[in-house]
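Colleague: Heads up: the sequence lines are chains A and B, in that order.
Using the numbering used here, the first residue of the first sequence is number 1, and each one after it goes up by one.
Using the numbering used here, the first residue of the second sequence is number 1, and each one after it goes up by one.
For the record, the hints were derived by calculation from the structure and aren't laboratory data.
Since no wrong hints were added, every one of them can be taken at face value.
Over 12 angstroms on every C-beta distance to chain B, these chain A residues come out as not near it, computed from the model:
(1) Ala74
(2) Arg84
(3) Val133
(4) Val140
(5) Gln152
(6) Asn181
In silico PhoX-like pairs for lysine-lysine, Cα to Cα no more than 20 angstroms straight-line:
(7) Lys18/A - Lys38/B
(8) Lys240/A - Lys40/B
(9) Lys12/A - Lys38/B
(10) Lys240/A - Lys50/B
(11) Lys18/A - Lys40/B
Ranges between beta-carbon positions, derived for each pair:
(12) Glu45/B - Asn9/A: 17 to 23 angstroms
(13) Trp118/A - Ile35/B: 41 to 47 angstroms
(14) Glu178/A - Ile32/B: 39 to 45 angstroms
(15) Ile168/A - Ile32/B: 31 to 37 angstroms
(16) Asn36/B - Trp34/A: 27 to 33 angstroms
(17) Tyr175/A - Ala43/B: 48 to 54 angstroms
(18) Trp83/A - Lys38/B: 23 to 29 angstroms
(19) Ile28/B - Trp118/A: 32 to 38 angstroms
(20) Tyr37/A - Asn36/B: 28 to 34 angstroms
(21) Ala24/B - Ser147/A: 20 to 26 angstroms
(22) Trp180/A - Ala24/B: 33 to 39 angstroms
(23) Trp22/A - Tyr13/B: 27 to 33 angstroms
(24) Glu178/A - Glu45/B: 53 to 59 angstroms
(25) Glu178/A - Glu48/B: 55 to 61 angstroms
Ideal Cβ placement from N, Cα and C applies to all residues, glycine included.
So the chains spell out like this:
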Amino acid sequence: MDALSAFSNPHKFMAVSKPFAWGFTILGVAMVTWGIYQGLYVVPPDYQQGDAAKIMFVHVPSSWLSLFIYLFMAGASFISFVWRSPLADICAKSCAPIGAVFTALCLITGSIWGKPMWGTWFEWTDPRIALVVVLLFVYVAYMAIWSVMETQQKAARAAAILCMVGAINLPLIHYSVEWWNSLHQASSFMSDKSMTSSAYKWPMYLTFTLGYLSLFGGLTLLNMRAEVYQRRAEMLSQRKMVFG
Amino acid sequence: MLPEVAKYGPYIYSAYGVAIVSLAGIVIWTVIRSINAKKKLDALEAAELKPDAPKAGPQ
Numbered sequence: 001m002d003a004l005s006a007f008s009n010p011h012k013f014m015a016v017s018k019p020f021a022w023g024f025t026i027l028g029v030a031m032v033t034w035g036i037y038q039g040l041y042v043v044p045p046d047y048q049q050g051d052a053a054k055i056m057f058v059h060v061p062s063s064w065l066s067l068f069i070y071l072f073m074a075g076a077s078f079i080s081f082v083w084r085s086p087l088a089d090i091c092a093k094s095c096a097p098i099g100a101v102f103t104a105l106c107l108i109t110g111s112i113w114g115k116p117m118w119g120t121w122f123e124w125t126d127p128r129i130a131l132v133v134v135l136l137f138v139y140v141a142y143m144a145i146w147s148v149m150e151t152q153q154k155a156a157r158a159a160a161i162l163c164m165v166g167a168i169n170l171p172l173i174h175y176s177v178e179w180w181n182s183l184h185q186a187s188s189f190m191s192d193k194s195m196t197s198s199a200y201k202w203p204m205y206l207t208f209t210l211g212y213l214s215l216f217g218g219l220t221l222l223n224m225r226a227e228v229y230q231r232r233a234e235m236l237s238q239r240k241m242v243f244g
Numbered sequence: 001m002l003p004e005v006a007k008y009g010p011y012i013y014s015a016y017g018v019a020i021v022s023l024a025g026i027v028i029w030t031v032i033r034s035i036n037a038k039k040k041l042d043a044l045e046a047a048e049l050k051p052d053a054p055k056a057g058p059q
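Starting from the given sequences, assemble the full structure and let the hints guide the process.
Modeller: If you want it as structure tokens, here you go:
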């Protein structure tokens, strides 16, 4: 509980977060740049999918991140809702645009991969694809709540409720390929049935996953710092209006 | 220079292109937002600290 209260102090957060914010962002940019170079120029074609497997290196980690970021947001929303921690709602709010970008990236790259492999850009009747579209809409709705509510307190409550309720989508996405008939392949990453099987598979997925995670960490911290600055600026403006 | 891919070239370039544009976009947007928010707060704090100008009036 002490650790939680220490973490929820915006002054302490601002004092320690700057080097982590920039460090993780730079590390993430470097790792993703390295991954893109490796994916485009170094990795040989897969024996089953040929060069199309290179798209998987971008697509699969972005799908993991879209779910992970939402789970992280739901945790922060729960803390915000129960303990009314301002830093927790700042944290959840700061994650949302990054999660939305990774979800959109997952859908677009999946669609690009689907055309040559499945013969279709998009399959609305596929449960996993449809549920990931729903996840993107929830991210957008979450951001919309923050921009339309009258006060930050009301927005924080409403956004936290939406985020926690929306978390029901996560197990549905994960198990959709097992529970329903799906064009999307079942989870095969850890099994021998994996569609990409080159020796580069693990290093490439690891590079992109760690790069994306590092970017997520750095950008979230930068967003949180910007939000704290904005709230302080709003407070100063309001004080100026009241006291002159 | 674009890499040589035997097959599926347009799909691979598109997927990596979308990844580069979207990730560069979110990084640039976040960095600019962070810098602008800090600048705005600094300007407000500087205005707050600045002593009032002497008021002109009858002696």
